[in-house]
Amino acid sequence: MNKSYVFYNGEIVEEEKVSISIRSKVVNYGLGVFEGIRAYWNEEEEQLYAFKLVEHYERFLQSAKVANLEVGYTAEELADYTIELLRKKWI
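Under my numbering, the first residue of the sequence shown carries the number 1, and numbering increases by one thereafter.
Simulated from the structure, these hints should not be mistaken for laboratory data. Please read all numbers here as calculations on a predicted model, not as lab measurements. Be aware that a few hints might be false.
What the hints assert, rightly or not - Dumping the calculated BS3-like pairs for lysine-lysine here, alpha-carbon to alpha-carbon at most 27 Å: (1) Lys65 to Lys52; (2) Lys52 to Lys17; (3) Lys17 to Lys88; (4) Lys3 to Lys88; (5) Lys52 to Lys89; (6) Lys25 to Lys65; (7) Lys65 to Lys3; (8) Lys17 to Lys3; (9) Lys89 to Lys3.
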């Protein structure tokens, strides 16, 4: 079975190594913001395509600001981490 990876505390780690507190706001209140991002792997070209990542993360960060959630990363940093995670999944 393929391993699943997540971005957690500034690192990409195996999903099974991550836990969150039951006192977390996201657990107790369902607090969160979301942004949908399209990405796909082209096998023939051996190329990863992700549509407007930075723009998606700019909207995500604006939503987080409105919800009074501190993200701690720039849109560019989040886009880079996303590409790294996607490459682990598809390559």
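Checklist entry - Between Lys17 and Lys3, does the CA-CA distance stay at or below 27 Å? => result 11 Å, holds
Checklist entry - Is Lys25 within 27 Å of Lys65, Cα to Cα? => result 16 Å, holds
Next on the checklist: Against the 27 Å threshold, does the CA-CA distance of Lys52 and Lys89 hold or violate the hint?
Outcome noted: 19 Å, holds
Next on the checklist: With the threshold set at 27 Å, check whether the alpha-carbon distance from Lys3 to Lys88 stays at or below it.
Outcome noted: 9 Å, holds
Item to check | 27 Å Cα cutoff - pair Lys89, Lys3 | outcome: 8 Å, holds
Item to check | Proposed proximity, Lys52 with Lys65 (alpha carbon, max 27 Å) | outcome: 20 Å, holds
Checklist entry - Holds or violated: Lys52 with Lys17, Cα cutoff 27 Å? => result 30 Å, violated
Item to check | Lys65 paired with Lys3 [C-alpha distance capped at 27 Å] | outcome: 32 Å, violated
Next on the checklist: What's the verdict on Lys17 and Lys88, does the C-alpha distance respect the 27 Å limit or exceed it?
Outcome noted: Status holds; Cα separation ~16 Å.
Hint compliance for this structure: hints 2, 7 are not met, and every other hint is.
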